Amino acid sequence: MFGSVLIANRGEIACRVIRTCRRLGVRTIAVYSDADAGAPHTKQADVAVRIGPPPVKDSYLQIDAIVAAARAHGADAIHPGYGLLSEKRAFAEAVAAAGVVFIGPPPEALDAFGDKLKARAVALAAGVSPPPGSDGPVEPGDVERVEREAARIGYPLLVKAAGGGGGIGMQIVHKPEDLARAVRACSDRGKSAFSDERVYMERYVAQPRHIEVQVFCDAHGGAVAFGERECSVQRRHQKIVEESPSPAAFFAGEAGAARRAKLYDDALRIVKQVGYVGAGTCEFIADADGALWFLEVNARLQVEHPVTEMVGGLDLVELQLRIASGERLPDGARWTPSGHAMEARVYAEDPAKKFVPQPGKITKLTWPEPSASLRIETGVEEGGEVTPYYDPMIAKVVAHGATRAEAIARLDAALAETRLELTGARGPAATNVEFLRRVLSDARFAGGQYDTSFAEALAAGK
Numbered sequence: 020m021f022g023s024v025l026i027a028n029r030g031e032i033a034c035r036v037i038r039t040c041r042r043l044g045v046r047t048i049a050v051y052s053d054a055d056a057g058a059p060h061t062k063q064a065d066v067a068v069r070i071g072p073p074p075v076k077d078s079y080l081q082i083d084a085i086v087a088a089a090r091a092h093g094a095d096a097i098h099p100g101y102g103l104l105s106e107k108r109a110f111a112e113a114v115a116a117a118g119v120v121f122i123g124p125p126p127e128a129l130d131a132f133g134d135k136l137k138a139r140a141v142a143l144a145a146g147v148s149p150p151p152g153s154d155g156p157v158e159p160g161d162v163e164r165v166e167r168e169a170a171r172i173g174y175p176l177l178v179k180a181a182g183g184g185g186g187i188g189m190q191i192v193h194k195p196e197d198l199a200r201a202v203r204a205c206s207d208r209g210k211s212a213f214s215d216e217r218v219y220m221e222r223y224v225a226q227p228r229h230i231e232v233q234v235f236c237d238a239h240g241g242a243v244a245f246g247e248r249e250c251s252v253q254r255r256h257q258k259i260v261e262e263s264p265s266p267a268a269f270f271a272g273e274a275g276a277a278r279r280a281k282l283y284d285d286a287l288r289i290v291k292q293v294g295y296v297g298a299g300t301c302e303f304i305a306d307a308d309g310a311l312w313f314l315e316v317n318a319r320l321q322v323e324h325p326v327t328e329m330v331g332g333l334d335l336v337e338l339q340l341r342i343a344s345g346e347r348l349p350d351g352a353r354w355t356p357s358g359h360a361m362e363a364r365v366y367a368e369d370p371a372k373k374f375v376p377q378p379g380k381i382t383k384l385t386w387p388e389p390s391a392s393l394r395i396e397t398g399v400e401e402g403g404e405v406t407p408y409y410d411p412m413i414a415k416v417v418a419h420g421a422t423r424a425e426a427i428a429r430l431d432a433a434l435a436e437t438r439l440e441l442t443g444a445r446g447p448a449a450t451n452v453e454f455l456r457r458v459l460s461d462a463r464f465a466g467g468q469y470d471t472s473f474a475e476a477l478a479a480g481k
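The sequence shown begins at 20 in this note's numbering and counts up by one.
Everything labelled a hint here was simulated from the structure, so no lab data went into it.
Take the hints with a grain of salt, since some may be wrong.
Unchecked claim - When the alpha-carbon atoms are kept at most 25 Å apart in a straight line, the in silico SDA-like pairs for lysine to any residue are as follows:
#1 Lys76 to Ala204
#2 Lys380 to Pro407
#3 Lys380 to Gln63
#4 Lys76 to Asp134
#5 Lys291 to Glu112
#6 Lys137 to Arg203
#7 Lys210 to Val162
#8 Lys481 to Asp308
#9 Lys383 to Ala371
#10 Lys62 to Trp386
#11 Lys291 to Pro356
#12 Lys291 to Pro349
#13 Lys76 to Arg208
#14 Lys62 to Val119
#15 Lys107 to Asp53
#16 Lys380 to Pro74
#17 Lys281 to Phe269
#18 Lys383 to Gly57
#19 Lys383 to Gly443
#20 Lys210 to Gly186
#21 Lys291 to His239
#22 Lys62 to Asp334
#23 Lys281 to Ala145
#24 Lys481 to Val375
#25 Lys380 to Gly71
#26 Lys62 to Glu388
#27 Lys62 to Thr385
#28 Lys291 to Glu302
As the structure is a prediction and not an experimental result, all values here were calculated from the model.
Construct the entire structure; sequences and hints are all you get.
Below, the structure is given as structure tokens:
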């Protein structure tokens, strides 16, 4: 096991990694921007190092500054968390060049899955089908070819940024006259957000459900799938409620069990194709009949990993640390799920205004008491601020129950007990706490009959 680990991230994931490191007796080094000076993760770590001003490009994306902090403070390894630099090949290579261990997949895997077009090729080589689409980039200026490819794929279709993630650089196109504009817009967004202007197209799956599989691989050939998560409660293609196992009807009965087993096998075949090591998530899209199509691999820990931990009795961060230090997956690392877990992401945003972020000062914050069946994952505290520089997530509230109904009830009770007030520049600012409770109380959600359009429809009163 490592003696010291630097966490190249912020907020609740930095606090989450610090908690496991502390339990294992591992010294921790936090990094922070000026906007995060005095934030909880800086106080929980053994050492905190300033790396720059508030904008992420000047701080949390500064590879040289983070690697220098690791070397200056004797870090044996760097945990990247999620987002930011976590899936950047250049970061993993810079960490290794400094003689420090990168707690994540090898650079070749990051390269394969950091590009959506390469990821499609990996899946196809593994015998797993993505939605029908273009297997190479399409040029915004080549209107004739774009239209020809779209006609072959069929409408509706998705235009996607090749280097994108988190729903950024993605548009649904229902008719040919909207195609050229969507391709240009996604290309421009990809260039701005990822320095990658390439786009491709794929068939849009109607009434889709978003299903993902948690995988772990060690450097000795060991690989395991730790169940699936249902992540279909989304807005702007980003998740706000996740659960495990999926309540989808197509997973019921003997046929459902066979479909689930094949899903796990497909996920493992995809990551084994590139010599994967560490934690990863294979994401799939399902249609109303339960046909599952490969979407992408997130080569890192996911925001929603606590639901897998609570159902499986696991500590995925500990497994990351052990695998990165050269250990094998332990004999006990088998998927033996118990009960049901559900996570709600609490955001400073206004669901009534298309979920627009609401920066402000946290003037009141009280969480319910955590327990074996209730976790509060947060990186903020009363008196702190939700700034416009970063994602406006305040916390994740995660509940476990013997049944799905019990998990829903426990999560709803926890949100009801939450006291959260936010003050913006013009007065009280909104959060999504009450909207999350509306999700949990909706009959469609209670019945497991929802898809990725559900949350935005609910916010619109549908």
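Exercise for the section: Sort out which numbered hints this structure fails and list those numbers smallest first. Expected result: none
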